[in-house]
Amino acid sequence: MSRAPRSRGANGWLLSAPALILLLIAANGPLLIIAVYSFLEPGDYSGVRWIFSGDAWFRILFHRDIFDGTVSLADANLSIFWRSIKLSLITTLITFAFGLPTAWFIATRPAKQRAIWLFLITIPFWTNLLIRTFAIMEVIRNQGLLNTALMNMGLITEPIQILYTDTAVLIGMTYVYLPLMVLPLFAAIDRFDFRLIEAGYDLYGSRLKVLRSVILPIIKPGIIAGCILVFTPSLGAYVTPRVLGGGKNMMIGNFIELQFGQGQNWPLGAALSLILLLSVLVALTIYAAVSRREKPS
Amino acid sequence: MKRRVFDVTSLPGFTTTAILTFVLLYAPILTLVFYSFNGSNSVNMWGGFSLKWYKIAWENEAVQSAAVRSFVIAAWASAISTVVATMAALGTTRRGQFKGQSFIYIMINQPLMVPEIVTAVSLLIFFASIKIATGYSGLAYLILAHAAFCVPFAYLPIRARLEGMDLAMETAAADLYATPWQTFRFITFPLLLPGIIAGAMLAFVISLDDVIITEFVKSAGQDTLPTYMLGQLRRALTPEVNAISTALLAVTIVMLTAFFIITRKRD
Amino acid sequence: MKTLLLAGTALIAATVAHAEGQLNLYNWGNYTSPEMIEAFTAETGITVTITDYDSNSTALAKVEAGGSGFDLVVPSANYVPIFVEKGLLQELDHSRLANIGNIAPQWVNVDWDQGRAYTIPWQWGTTGVAVNTSVYSGDVNTSDIFLRPPAELVGKVNVVPEMNDVIALTIFNVGGEACTEDLTVLREVRDLLMAAKESWISMDYGTTDKLSSNDLVATVNWNGSTMRARINNPDVVYGYPAEGYPLWMDSVGLLADAQNVDEAYLFLDFIMQPENAAMISNFARYANGIAGSEAFMDEVMQTAPEIVIPEEFAAAGHFLPTCPQSATDLYTAIWTELVK
Chain A
0 MSRAPRSRGA
10 NGWLLSAPAL
20 ILLLIAANGP
30 LLIIAVYSFL
40 EPGDYSGVRW
50 IFSGDAWFRI
60 LFHRDIFDGT
70 VSLADANLSI
80 FWRSIKLSLI
90 TTLITFAFGL
100 PTAWFIATRP
110 AKQRAIWLFL
120 ITIPFWTNLL
130 IRTFAIMEVI
140 RNQGLLNTAL
150 MNMGLITEPI
160 QILYTDTAVL
170 IGMTYVYLPL
180 MVLPLFAAID
190 RFDFRLIEAG
200 YDLYGSRLKV
210 LRSVILPIIK
220 PGIIAGCILV
230 FTPSLGAYVT
240 PRVLGGGKNM
250 MIGNFIELQF
260 GQGQNWPLGA
270 ALSLILLLSV
280 LVALTIYAAV
290 SRREKPS
Chain B
0 MKRRVFDVTS
10 LPGFTTTAIL
20 TFVLLYAPIL
30 TLVFYSFNGS
40 NSVNMWGGFS
50 LKWYKIAWEN
60 EAVQSAAVRS
70 FVIAAWASAI
80 STVVATMAAL
90 GTTRRGQFKG
100 QSFIYIMINQ
110 PLMVPEIVTA
120 VSLLIFFASI
130 KIATGYSGLA
140 YLILAHAAFC
150 VPFAYLPIRA
160 RLEGMDLAME
170 TAAADLYATP
180 WQTFRFITFP
190 LLLPGIIAGA
200 MLAFVISLDD
210 VIITEFVKSA
220 GQDTLPTYML
230 GQLRRALTPE
240 VNAISTALLA
250 VTIVMLTAFF
260 IITRKRD
Chain C
0 MKTLLLAGTA
10 LIAATVAHAE
20 GQLNLYNWGN
30 YTSPEMIEAF
40 TAETGITVTI
50 TDYDSNSTAL
60 AKVEAGGSGF
70 DLVVPSANYV
80 PIFVEKGLLQ
90 ELDHSRLANI
100 GNIAPQWVNV
110 DWDQGRAYTI
120 PWQWGTTGVA
130 VNTSVYSGDV
140 NTSDIFLRPP
150 AELVGKVNVV
160 PEMNDVIALT
170 IFNVGGEACT
180 EDLTVLREVR
190 DLLMAAKESW
200 ISMDYGTTDK
210 LSSNDLVATV
220 NWNGSTMRAR
230 INNPDVVYGY
240 PAEGYPLWMD
250 SVGLLADAQN
260 VDEAYLFLDF
270 IMQPENAAMI
280 SNFARYANGI
290 AGSEAFMDEV
300 MQTAPEIVIP
310 EEFAAAGHFL
320 PTCPQSATDL
330 YTAIWTELVK
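Protein chains in written order, with numbering that gives the first Met the number 0: chain A, 0 to 296; chain B, 0 to 266; chain C, 0 to 339.
Hints are not guaranteed to be accurate.
Unchecked claim - 30 Å max Cα-Cα, derived DSS-like pairs, lysine-lysine: (1) 196(C) / 85(C); (2) 85(C) / 130(B); (3) 85(A) / 85(C); (4) 219(A) / 111(A); (5) 339(C) / 155(C); (6) 219(A) / 208(A); (7) 85(A) / 219(A); (8) 111(A) / 155(C); (9) 130(B) / 219(A); (10) 85(A) / 196(C); (11) 155(C) / 196(C).
No lab work stands behind these hints: they were computed from the structure.
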């Protein structure tokens, strides 16, 4: 009989306490301010007036024309939400598609080599976000690496306008968040017992089947970690869509920042953030449920 | 063990994709490094080879202090968040369900959910009132803020690693009358170490990278490298940014090399 | 690792502890001449720390929240009354500013700061359009460049996301007046902007560099930024919209809760010396408000078309006043609709 730790609940809480306290002070707690703010009236240029108002929430879905007062569905808002979700999902998928082979590749190198590969993947990782975004900009802009190469090869005569489009934002986010997918995957694969593959091989015969039925289920925690680490920052991304989207292709993060800047509507910004938070909570709950179900006993 | 090297580990297309990924990851960075030696004043028009931007950045006091500050904050934040996250991971993994566990999980990962701009503004308001009340406006606010949002980044790899670990060894140790602390110190911790290191590295990078929260929380003269560069972006971009980036990259590579040598010893 | 941390913290502590002769300037990014700062430190021994911001609203939010530790801030003209009304700036004691008489006469009694009670001029300029003549060789002196772009420029125009400048340009374009609350005019403004947006490629800053490298061929831009672009790329030309264009000025104000007041006064006095004002101008390529500084400015500044407004366009320039709250609310509503 294995010895289960006594009062695991209490121990669990005790061990988690420092983390919880830190986060309460510098992350979760201040969020309450945001929740409160979403129900207030905007101040003149910044801040709020302590008067209750549901206007911010109204504005999320509905748009009142400034001049004739007609109320309609806020198309612009919805397209921003949709763009954010769409781009984040695609980013997660692409980073996974590239990240899994990469993590697998690193984890299956002979021990001596592995360190070098890990080293190589962490360098772009350590390069500052702003720098990486600029670096991508330098590649995809009209006179950048990509266009110049294509023109030199004679494939195109005029530069393709990639910068300032949704595609640019997508490329940027994939580039920036890829290492975030690789590292948790690597951590999981590194712990993977490769003898299971041999067994699976004997069972299934095809590599793809082994991949699907043996490998993926076992490294699922790593996959989930990687997906969370990519999807959630993508959804709330600010710098990358700002720089590569040229200010026209807004994502939720930019839209929120707008409210604290030129939009001058802090309550709306607060409300939008809560919406964002809710969406991610939903995603996380689904993930949690899925991972709990699949947990190896 | 012999079969492992070839047959079992090469999945279709994986190696090609992996290599391609590495190439694609490095091309933009190398372009950036290349242009840091640009003789002209523009970021993307080549004007001959020159080291002048390095000289300019080096003598730039603002850059110097921003750089030091960035690293100090990141070091503190990474240390604090990794310790705290390891404890939390141990407390919430492999224990089966206990009451409120998912609540803890959500609380810990909350910084991942909330966009930085929101955390940034809420922290601005919160810390500002404290600053006025106590008159202290040092680095502690930034370190605290960074440590907080680094926690989930440290937590997830550690947790992933823990979940993949076999309880058998620890149970065996317990059966052999090892105290929980001994079990942790001699069995769990060494096995967990790669996960902890991955977590600490993630935390360090995330802290170093941070733009928005730092931008809003910082007080006078507390620029970090990213906020400095953000300022440059807004008005005029010169290869000084490329030079700073390349220099930072060089420092990073040196640090990483040292780090990897140390880590490999433990294996 | 531990030693590293200790060393680093000691370093930071040392930097912070260096309290004697400190000054914290909160300014737009890349807007302060390093040369001028060096000269100031050499003369007074005061170390200046510059913190950047990218918009008036960011600066306002930060300063209003309090406890930021800044001593000086550089808002644009239309934001100065806001800062003053909120009690964020302290009145300047002119007896402590020996050079106060150096301010050029036309910049002393400005609408938004009569008699310079709160601020000292930093730089001023105009907002117009910048066009790469190799792509479009027609008339550039019109705001139609971005509002009704000619065929060659459709899909290639950038508009800097500065609400006040862009709204003002558009109001002038449809024949309205600054701070107008005329709903018919504003409706036209809104519709015009929304339609024009289809032809824009982006709404972003960083225009100097992009114009220099042909990443942008047309944009709403400030004169100094265009001048810097033209120096790199001779095809770039600055256009003064004949329909009307805004004049702006950024000025330095002393924050009400400033910690280093003495040092601040030394700084304010310093920048009112013509040679030093010239240094500021030479760096960012904008004119300043100090009399006699022309003598110390670079040759090119004396004659550059971006600095010296051509006769025929002088009358079309309007200094943007601080509009009443009702007007600003309307503009903000239009703007937020536009930028979404």
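> Going back to the hint list, which numbers does this structure go against?
Replying inline: The structure breaks hints 1, 3, 8 and 9; every other hint is satisfied.
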